[in-house]
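Spelled out, the chains give:
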Amino acid sequence: MFQNSGLSLNQAPPIEVVLRLFLIGSLFGIALSFMLFFWHDNLSDISHPTTLAIVHTLTLGVMASFMLGALFQMMPVLCGVHIKAPIDLSVRVSFTLMFGVIILIFAFLKGESSLYIIASILIAFALFSSTFVMIKELLKIKHSNSSRGMLIALSSLVITLILALILVSMRVGIDIPLNYINLKSIHFSFGLFGWIAILIISVSFQVVEMFYVTPKYSNKYAKFTPLFIFGLLLIYMALQILGYNLAKYILNIILILLAIYALITVDKLKKKKRPINDASILFWYIGMSSLLLFALLGFLNISTLVTALFFTSFALSIMFAMSYKIVPFLVWFHLNAKGYFDAPMMHEVISPKYAKINFYIHTLALITTLIAIKFSIIFYFGSFLLLVSFSMLSYAIYGAWEKYDWTLRNGKKFNLNIN
Amino acid sequence: MTISNYLTNEHRECDNIFAQAEQEVANGDFKKAEESFLKFADETLLHFKKEEEQFFPMFEELTGSSDGPTMVMKHEHEQVRGLMGKMAEAIESQNRDAYLSLAESMMILLQQHNMKEEQMLYAMADRVTDANRANELISKMEELTL
Ligand SMILES: [Fe+2]
Ligand SMILES: [Fe+2]
Chain A
1 MFQNSGLSLN
11 QAPPIEVVLR
21 LFLIGSLFGI
31 ALSFMLFFWH
41 DNLSDISHPT
51 TLAIVHTLTL
61 GVMASFMLGA
71 LFQMMPVLCG
81 VHIKAPIDLS
91 VRVSFTLMFG
101 VIILIFAFLK
111 GESSLYIIAS
121 ILIAFALFSS
131 TFVMIKELLK
141 IKHSNSSRGM
151 LIALSSLVIT
161 LILALILVSM
171 RVGIDIPLNY
181 INLKSIHFSF
191 GLFGWIAILI
201 ISVSFQVVEM
211 FYVTPKYSNK
221 YAKFTPLFIF
231 GLLLIYMALQ
241 ILGYNLAKYI
251 LNIILILLAI
261 YALITVDKLK
271 KKKRPINDAS
281 ILFWYIGMSS
291 LLLFALLGFL
301 NISTLVTALF
311 FTSFALSIMF
321 AMSYKIVPFL
331 VWFHLNAKGY
341 FDAPMMHEVI
351 SPKYAKINFY
361 IHTLALITTL
371 IAIKFSIIFY
381 FGSFLLLVSF
391 SMLSYAIYGA
401 WEKYDWTLRN
411 GKKFNLNIN
Chain B
1 MTISNYLTNE
11 HRECDNIFAQ
21 AEQEVANGDF
31 KKAEESFLKF
41 ADETLLHFKK
51 EEEQFFPMFE
61 ELTGSSDGPT
71 MVMKHEHEQV
81 RGLMGKMAEA
91 IESQNRDAYL
101 SLAESMMILL
111 QQHNMKEEQM
121 LYAMADRVTD
131 ANRANELISK
141 MEELTL
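Those protein sequences? They're chains A and B, same order as listed.
Going left to right, the first sequence walks through residues 1 to 419 as the working numbering numbers them.
Going left to right, the second sequence walks through residues 1 to 146 as the working numbering numbers them.
For reference, chain A alone in the conformation it holds in the complex (with noise of 0.2 Å):
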C-alpha cells in the first residue's frame, strides 16, 4: 500500500518548479492590468477580440499558471504523488504555456487562423502534457477527499481544453455539425465549475486546516462536494448538447452547492484555533464572499459583467492567500531542509505588513473595479491598482526566489547526512 503511496524523503519538489509558475502567473496579472487599462469599454461584449484576450489572459495565463504551481507542490506533499523530472516537465509546461497564451491573444486581436492554430498547440501541449502525468499518477493512489478532487478538477480541465479545441476549428473554419454558442456555455462552465471551483474547494479541504488549524471539514461532505458538482456539469453537457432548456437550472444547483461550500468554510475560518489574522488569512475571507456574492447575483441573473468580477475576485484572492502562505514556507522548508541554519524566516522572506499591504491594494481595486463598471472611468483607477497589486505580488515571489538562492550562494549549513 505504501509501495503506492511514495510517501518519501524527497517529497516536496525542487521549490523554482512551484515559484516559476507563480513568477509567470502574477506578471500575467500585470499584463491583465495594462489591457484592462485599454480595454475595458468593451468589457461588456463577451464575444469581442478585446474580451476574449483578456479573459484568457486571466484564465489561462493568471489562474492555470498559479495552479498548476500548486499541483506541482501539493501533488507529492499531500496526496504522496510522485511526480518524476519534476523540473524537466514544469519548465516545459511554464514556457510553452506563457507562448502559447501571448500567442492566442495576438490570434484573438488579428483574427487569423494561423495563430489560433499555433496558440492551440502550445497551449494544448503545455496542458495536456501536465494533466496527463498527473492523472496517471493520480489513478494509482488510494483517494483521499483533496486527491479525489484534484482528479476531477483535472478531468474537468482536459474536457475544457477538448471544447476549446473543437470551437478553435470551428472559428477557423472546420466545418462541425455541433451548436458553436452551447458548446461555448459548456466550454466555460467545465473551466469555471469543474477545473478552478471544484480545484480550490478540494485543495481547501486540506489546506484550510492545516494553515489556520480550523476544524475539519465533515467527511463526507468533502467527499461528494466535488462529485456532485462534477456529476451535474456532465449533466448539464447532455442537456445543452441535446438543446434541452432545462440546462440553467443545473447551473444553479452547482451555484446553491458554491454558496454553501462559501458559508461552509466562513465558519471553519471563524473558528480557527490560530489567534493571528494574517493576510492569508484575509484573503480567504474576500475569497469566500466574493464566491457567495457571485453565488447569489449568478442564481439571481444580475448583470453579467459583475457576477464575472465575482467570480474573479474569488478565484484570484484565493491564490494570492495560497502565494502568501506557500512561498515564505517553502523558502523556509527547502532551505531549512539543506541543512542551511540561517535559512530565513517565513517573515523575513516575504514580510507580514507588505502582505497586508498587498491584501488592502487588493480589496480595493476589487472595489473600484465593480464601481467601475457602473462608471466605466474609474476603470483606470481600478486597472492603476491592479497593476500595483500583481507587481506586489511579482515582487514578493521574485524577492522570496532571490533570497532562496543568495542563501544557497552564501548561507552557513551543517553538514547533514541525509538523503
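The set of hints was computed from the structure by calculation and includes no laboratory data.
These numbers were taken from a predicted model, which means no experiment stands behind them.
Treat each hint with caution, since some may be false.
Derived DSS-like pairs (lysine-lysine); straight-line CA-CA distance at most 27 Å [stated by the list, open to error]:
| # | chain 1 | residue 1 | chain 2 | residue 2 |
| --- | --- | --- | --- | --- |
| 1 | B | K74 | A | K413 |
| 2 | A | K140 | B | K74 |
| 3 | B | K39 | A | K216 |
| 4 | B | K49 | A | K338 |
| 5 | B | K74 | A | K84 |
| 6 | A | K338 | B | K31 |
| 7 | B | K31 | A | K272 |
| 8 | A | K338 | B | K32 |
| 9 | A | K272 | B | K39 |
| 10 | B | K74 | A | K142 |
| 11 | A | K136 | A | K271 |
| 12 | B | K74 | A | K216 |
| 13 | B | K32 | A | K273 |
| 14 | A | K273 | B | K31 |
| 15 | A | K271 | B | K74 |
| 16 | A | K142 | A | K223 |
| 17 | B | K140 | A | K272 |
| 18 | B | K74 | A | K412 |
| 19 | B | K39 | A | K273 |
| 20 | A | K270 | B | K32 |
| 21 | B | K49 | A | K273 |
If you only want the chain A side, here are some residues facing chain B, beta carbon under 8 Å, derived [what the hints assert, rightly or not]:
| # | residue |
| --- | --- |
| 22 | V77 |
| 23 | R171 |
| 24 | M210 |
| 25 | F329 |
Glycine included, every Cβ here is placed at the ideal spot set by N, Cα and C.
Could you slot chain B with the ligands onto chain A? The hints should help.
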C-alpha cells in the same frame, strides 16, 4: 478507543496549547507564553516518543518495512524538534516577531506531518489491529514519560 483516536486526540491537544501560546506571545504576555510553550513542547515531545518507541515499531512489524513511511515521519520529528529549539530561544529573548514567524513555519510543518499520520499511518494501523492489540499498545504508550 482506537489507536487512531488516541493519537489524533493528542495532535488536537497540542494544537490547542500551541494556539494558546501564540495568542499570549501576540499579546506580549511572555510569562504566560513561556509556560504554555513549555507545555506544548513537553506534550509534543512525549507524543513523538510514544510514536517512535511504541507506535512506529509496531507499524513496521505489521507492514514489514522500516525504511518507508516511518522513516519519513521520524525525519519530520527531527525538523520539528529543531524548530522547537529556535522557538524556545525566541521566547526567552522575548522576541515577538521571531516567535510568530517561527510559529508560522512550525504550524504548517506540524499540521502537514499530522495529516499524513492521521490519513495514512494511523488509519492503516486501525485496519490491521484488533481491539486487544490496540488496547495493549495504548496502555504501553500511556506508561511512557519524558
Ligand atoms: Fe509524528
Ligand atoms: Fe503524531
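For this structure, which hints from the list above don't hold up?
Hint check: 6, 8, 11, 15, 17, 23 fail, others pass.
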